[in-house]
Structure formats: structure tokens, C-alpha cells
Amino acid sequence: MDFLRLFGRDDVSSKDIAKERLRLILVHDRANVSPQFLEMIKSQIINIISDYVDIEEEGLEIKLTRMKKDEDATVPALVANIPIKRIKHVARA
Amino acid sequence: MGQVIVITSGKGGVGKTTTTANIGTGLALLKHRKVVMIDADIGLRNLDVVMGLENRIVYDLVDVVQGVCRLKQALIRDKRFENLYLLPAAQTKDKTAVSPEQMKNLCDQLKEEFDYVLVDCPAGIEQGFKNAIAGAEKAIIVTTPEVSAVRDADRVIGLLEAAGFEEPQLIINRIRPDMVKRGDMMDIDDIIDILAIDLLGVIPEDERIVISTNRGEPAVADESSKAGQAYRNVTRRLEGENVPLMSLDVEPTLMERIKMLFGLRARK
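These protein sequence lines map, in sequence, to chains A and B. One point on numbering: in the UniProt record's numbering, the residue at position 90 of the first sequence is 90, and numbering is uninterrupted. One point on numbering: in the UniProt record's numbering, the residue at position 37 of the second sequence is 37, and numbering is uninterrupted.
Keep in mind the hints are simulated off the structure, nothing from the lab. Be careful, since some hints might not be right.
[Said to hold, decoys possible] Calculated pairs, DSSO-like style, for lysine-lysine (alpha carbon to alpha carbon, straight line, at most 27 Å):
no., chain 1, residue 1, chain 2, residue 2
1, B, Lys138, B, Lys31
2, A, Lys15, B, Lys226
3, A, Lys15, B, Lys11
4, B, Lys130, B, Lys104
5, A, Lys19, B, Lys31
[To be verified] Partner residues aside, some chain B positions facing chain A, computed with beta carbon under 7 Å:
no., residue
6, Arg151
7, Asp154
8, Gly183
9, Asp184
10, Met186
11, Asp190
All C-beta atoms in this analysis are idealised placements derived from N, C-alpha and C, irrespective of residue type, glycine included.
Construct the complete structure from the given sequences, taking the supplied hints into account.
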């Protein structure tokens, strides 16, 4: 057992927290993505896919994040989480 | 023909003025270069105070640009260091008193006569920043190992690249080896990894910087100052010398010494 923990020491060092926060902040800064911009993407995605499926609009979540490309490289990624209520019939035809 | 280097950071209070004063003094003192430092922070001048030259100001940058005096009349010669000059900022005007074109003209004139023209950029990314970078061909970015300073540095690097600066170089200021060792401060590799630019130097946190600023004597001339040593290294790197980073090791703490005695390895 790590006896340092007895003295209230956290497992994650604060510099790692700083680094991770910075990485995320910079993904947004560099892409120059404003919340409005994400809203625009969101409404267009809703428009397109609601022709085929019923979605739960409140649960829809879109964010910019980073994804591992390989061992040590990461790339910015647009992640959309879209809860589907029902697949429409037109989609199956 | 000399070169014009802008010292910038985005965020305020990270050490642009201290860095300008120390690099300028270092180049004149160690390398006998002819150097002029321009304080581009119009309305909030500080470089004169850090250099201890505040009592010698007659004319300033705005006077030169507006033709109130000749360029030569506004340059303050530092009597302690041969070949070192300061062009102070105006204190009573604001940054709109100068345009980027005027700054470029000024820098072009100065580099005819000086080996180095160092421009101390104001904080921020607006007009004052645009003025400061207008006449420069090289940029040095100063940051500290903090989230806010690194974020602003990244923003400024982007703006400099968009303005055609090829390889801005980074100075990491006020690093605390004891905190880095505990994992409570980002280290050199973390910051370089994030910003992805060349490193020009690392300056340790040093009480002697406060003392030297109190006195108006740049730490680069202080043999006993660690930060001064780091600035001497930066000076030599600017002149093309290959100087390794100075060691920032800290003395092991009592606890670590006890652990070493028992054969336990100290945490990194």
C-alpha cells in the first residue's frame, strides 16, 4: 500500500490534470469552434437524420474531443451521441 | 543589417519585460552586440523601470513617430552597458497613437544601425500586439507552466504563424523544480509537447529577479542568480551557440534521504 496516500495524497498528480485540461481547451481553441457553431452542426444533423429515425432531441449531445490515432498521436474528433426512439418505415423501404 | 525580434506572450505578467531586459543586456554585455530595446506597451510603460532608466526619459516612441523629435534624440543610452539603448513607450498616450506601418518603418530604420532590435510587446492580442509584431521577423514567446499562460501562448503562436512568422521560439519562465518533481507543475516536455515549438530557454523561479527589478539592474549581469545564468544561456543560444539546458535538480528532501537510506527509490 502506498503510504503516501495516508497523508491525503491523490493518485493523479495535478500537473497531469493541467495537461489533460489544456489538451481539451486547445482542441477547441485551435479549431476555433464556438458553441454557436456546434449548435449549427447539431440542428443540421437533427434535420438530416430525422427523415429516417425519431430521435430524442433533449438527449442529443455533440462535442469536440480527441481520439487516439495510434500509440502516441491523437486527432481532434467530433463525437455525436444521438438517442434513437424509433426507426421510421421509410428507412427500411 | 540587424534583426528585429518581438518578445510576446498573450497573457500578462509572465515575464515579457524581464525577458526583454535580460536578453537585451545579455547581448550587449556578453556578445558586445549593438542592441536597442523598444517598449511597445504604450500607456503602461515598464521596461524603463526594469532597466533602471526611468529618470532619463525625455522623448518617447510616440514623439518619434509623430515627428516631435528625431529618433536619435529619443534613444536612451545605458551607461552601464556599452552598446545598449532603450526607446521608451509613451505613458500618457494610448496604443492607437501608433500604427503598424509606423512601427514597421521605425524598426526598419533601427535595424540599419543596430545588430538587434528587441520589441517588448504588450499583453493581449489587439492593436498593441499588432503594432509590436509589425516590424519583427523573429518572435520569442514567453510562457509560465500554468494552464492559462500556455493556452494564451498557443493562441499567440497561431496568430504569429498566420502573420508569416516561421519558427517562433519558446521561453518557459518561472519554473519551480521542486514542484515539477512533486508532479504539481507541468515540466518542460509537457509544455513543448502541447505547444509543439522550439525551446529557446527555461528560466527557474528566482528571488533574485525581484531583487534585481527592485534595483533596476538586470539579473543577467548577476553572477549569483540562477535566472541570470539561464538568461546568459538564452543569449548565447540566440547567437547560435549550442548550450545545453541548465540542470534544475533540487536537493533531496529529508524524507527522500531517509527513503534512499532504506533503499526505496524516491518518487520521480
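Going through the hints against the structure:
1. Proposed proximity of B/Lys138 and B/Lys31 is supported: the alpha carbons are some 19 Å apart, at most 27 Å.
2. For the suggested pair A/Lys15 and B/Lys226, the alpha carbons sit about 24 Å apart, so the restraint of at most 27 Å is met.
3. Pair hint A/Lys15 plus B/Lys11 holds up; C-alpha atoms about 20 Å apart against a cutoff of 27 Å.
4. With a C-alpha separation of about 10 Å, the suggested pair B/Lys130 and B/Lys104 falls inside the 27 Å cut-off, and the hint holds.
5. Restraint check for A/Lys19 and B/Lys31: the C-alpha separation of about 38 Å exceeds 27 Å, so the hint is violated.
6. Given the 7 Å rule on beta carbons, the hint for B/Arg151 holds: about 6 Å separates it from the nearest Cβ of chain A.
7. Annotation: interface hint on B/Asp154 holds; nearest CB of chain A at approximately 5 Å, less than 7 Å.
8. With 7 Å as the threshold, the beta carbon of B/Gly183 comes within range of chain A, its nearest partner Cβ sitting at about 3 Å, so the hint holds.
9. With a cut of 7 Å, the hint placing B/Asp184 at the interface with chain A holds, because the nearest CB-to-CB distance is about 5 Å.
10. Below 7 Å, beta-carbon pairs count as interface contacts, and B/Met186 has one with chain A at about 5 Å; its hint therefore holds.
11. At about 5 Å, the closest approach between the beta carbon of B/Asp190 and any beta carbon in chain A falls short of 7 Å, and the interface hint on this residue holds.
In summary, the structure is inconsistent with hint 5 from the numbered list given earlier, while agreeing with all the others.
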